[in-house]
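Please take these sequences and the hints and turn them into a complete structure.
Protein sequences appear in the order of chains A and B. Going by the numbering used here, the first sequence opens with residue 3, and the numbers climb by one from there. Going by the numbering used here, the second sequence opens with residue 417, and the numbers climb by one from there.
Don't read these hints as lab results, they were simulated from the structure. Incorrect hints may appear among the rest.
Facing chain B, a subset of chain A residues (Cβ under 7 Å, in silico) [said to hold, decoys possible]:
#	residue
1	Gly44
2	Phe49
3	Ala89
4	Leu92
5	Phe106
6	Gly107
7	Gly109
Part of the chain B face toward chain A, derived, beta carbon under 7 Å [stated by the list, open to error]:
#	residue
8	Phe455
9	Gln458
10	Gly466
11	Tyr467
12	Arg515
13	Gly517
14	Ala518
15	Gly519
Glycine is no exception: its CB is placed at the ideal position from the N, C-alpha and C atoms.
Single-letter residue listing:
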Amino acid sequence: DAGVTQSPTHLIKTRGQQVTLRCSPKSGHDTVSWYQQALGQGPQFIFQYYEEEERQRGNFPDRFSGHQFPNYSSELNVNALLLGDSALYLCASSWGANTGELFFGEGSRLTVL
Amino acid sequence: LAKTTQPISMDSYEGQEVNITCSHNNIATNDYITWYQQFPSQGPRFIIQGYKTKVTNEVASLFIPADRKSSTLSLPRVSLSDTAVYYCLVGVRNNNDMRFGAGTRLTVKP
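Set out below in C-alpha cells:
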C-alpha cells in the first residue's frame, strides 16, 4: 500500500516563474491538504481539497492555487514566484470523515533564485 | 482554532522518559489534541490523538487533565532516534484543517 507520494522531490526556479507540484494521496484517502514549511518553522496550512473543490484555505495569496482530480490526486500551483516562496511543500492526505490523522508525503523542496 | 504553546526545545538522555507539555487554554468542546513527530527533510508523522484523560499506544502516552487546557506527550525510554521536532495540534476531529505551531525540538543525547 503506497503512502502519499509527491513530485518532484527537489526543484529550482527563478523569481517570476510558475511551478506545479503534484501529490498522490494514500490509497483510500479522498482529502488532500497542502502545507508550506520554511526552514526552521512549523508547516503552514495552504488549503485543502475534497470532492475536487477547495474546502478550506489558510492565509496565502491567490498566487497559490490548486486542483484535485477525480482520482483524488492533487496539484499545487504557485505563480509569480518570490524568493520567500522557497520552502518544503508538504502534501497530506486523509479520509473525509476521518479520525484527524493526516498522512504526509516526503515533500517537494522548492528553491527560488 | 485554538492556539497552542510548547517549549521551543528540550534535551534528554537515552533511556529517560520525556514529557512535553502543550498549553491550549482556549480549546473548544469539540476539539481533539493530536501530536506529530517530524524528522529533518521528512513530512510529519502522526503519533497519538486524544480527547480527555489518558491515551496510550505502542509509541507514546498522552495525558489530558480534566480542564483540557493542557496536555502532555510522554515518550518512554527515548533513544537517539527520537531526536525530532514534536508538534501539538488542537482542532475538530473530522476537520482536516490542522494548524501547526513551531513545535518542540527534542534532542536525545547518548
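These are the hints, each one checked on the structure:
no., hint, result
1, Gly44, "holds (4 Å)"
2, Phe49, "violated (9 Å)"
3, Ala89, "violated (12 Å)"
4, Leu92, "holds (5 Å)"
5, Phe106, "holds (3 Å)"
6, Gly107, "holds (5 Å)"
7, Gly109, "holds (6 Å)"
8, Phe455, "violated (10 Å)"
9, Gln458, "holds (6 Å)"
10, Gly466, "violated (10 Å)"
11, Tyr467, "violated (10 Å)"
12, Arg515, "holds (6 Å)"
13, Gly517, "holds (5 Å)"
14, Ala518, "holds (5 Å)"
15, Gly519, "holds (5 Å)"
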